[in-house]
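Given these sequences and hints, build the entire structure.
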Amino acid sequence: MVTISLLALPIAFLIALAWGPWLIERLRDLRFGKRIRVEGQEHHMAKQGTPTMGGWLFIVTSGGVIAATTPWATVALPIGASMLLFGAFGALDDYANIKNREGVGFQIRAQLLWQVLLAAAIGAAIYFVAGVDSTRIPGIGSIALGAWMIPFAALVIYATASGANIIDGLDGLAGGTIAIALVVFAIVAARAGQWNLATAILAIVGAILGFLWFNVHPARLFMGGAGSLAIGAALGTVALLTEQPFILPIVGGLFVLVLLSVILQVGYFRLTGGKRLFKRAPFHHHLELSGWPEVQIVFRSWVAAAVLGAIGLAVSSI
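Quick note: the sequence shown, position 38, residue 41 per the working numbering, numbers continuous.
What the hints contain is simulated information worked out from the structure, not anything from laboratory work. By construction, the Cβ of each residue, glycine as well, lies at the ideal position given by its N, Cα and C atoms. There could be a bad hint or two in this list.
To be verified - Okay, the calculated beta carbon distance ranges per label pair:
1) 275 - 75: 18 to 28 Å
2) 276 - 91: 17 to 27 Å
3) 293 - 269: 16 to 26 Å
4) 252 - 136: 21 to 31 Å
5) 9 - 310: 20 to 30 Å
6) 306 - 269: 20 to 30 Å
7) 309 - 25: 28 to 38 Å
Structure follows, in structure tokens:
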């Protein structure tokens, strides 16, 4: 089982690498190119038209590997459902973005409603199908939630999906940071003897690494909302399946940072009658406008994600 778990990563990586160029060409043929909103994003106009919805590269790849190597009910169904449901919703939003000349997708309220409903459906699968009804708080121990697992899971999955979607703003940023977070949970799963779950997580990591081959600066492919929402939801799902969601704020500390930067920016703007706390939110765009090169922001974010991951892994043992 250990061998299968470890091989899941390179197998998924090679599969994604093999059909990535084909997907890029098909997305170009379909004219599924990213629209950049002009206001505040003039420095990103060179990325206009880059194929988006590339998240299907790792959704399909990892889904195939997971279906072939892990038990259906306890692992493949909840993880597959999280990626497919959120990926499909993200793809619809991407399509609306492409068709809208201003590069705007669904309204925020519609996104909130549908994502919460989808997250609740996945929470139900985790509770009823996978049989997970408890969670662990570091330093305290396991706590039985019973049916409360469903709304709790919905909150966790919605939060991670939103964080992943917001951090997806620079070439390689979302993919790299989420891959690192997933590796942490693969270690947590392996340490607990959950080898099937570790296999599934490493398959997702391998597929994301294959995607990053085409997504690092200058990106030939964007994951779009299809990808960011899918892997964000998958991250929340695997955290729940390992019963270690309370280390997510540490492991996913960068997602917390970008979410807070948006909340603070909006709040400060309203309180001060139009003044801005940051040059632009999310925070990585503030760094860009402060003179940090895009590649430097991404690489330093990967380093920070690795450090936070190590801290989260240590905390999970308490």
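Whether the CB-CB distance between residue 276 and residue 91 falls inside 17 to 27 Å: Roughly 40 Å apart at Cβ, these two residues miss the hinted range, so it is violated.
Range hint 28 to 38 Å (beta carbons of residue 309 and residue 25) holds or violated: At 32 Å between Cβs, range holds.
CB-CB spacing for residue 269 and residue 306 relative to the 20 to 30 Å hint: holds (29 Å)
Hint check for residue 269 and residue 293 - Cβ pair distance inside 16 to 26 Å: At 20 Å between Cβs, range holds.
Distance restraint evaluation - residue 9, residue 310, Cβ atoms, bounds 20 to 30 Å: Between residue 9 and residue 310, where Cβ atoms are some 24 Å apart, the hint holds.
Cβ separation of residue 275 and residue 75, checked against the hinted range 18 to 28 Å: violated (53 Å)
Hint check for residue 136 and residue 252 - Cβ pair distance inside 21 to 31 Å: Holds: the Cβ-Cβ distance is about 22 Å, inside 21 to 31 Å.
Hint violations for this structure: numbers 1 and 2, all remaining hints satisfied.
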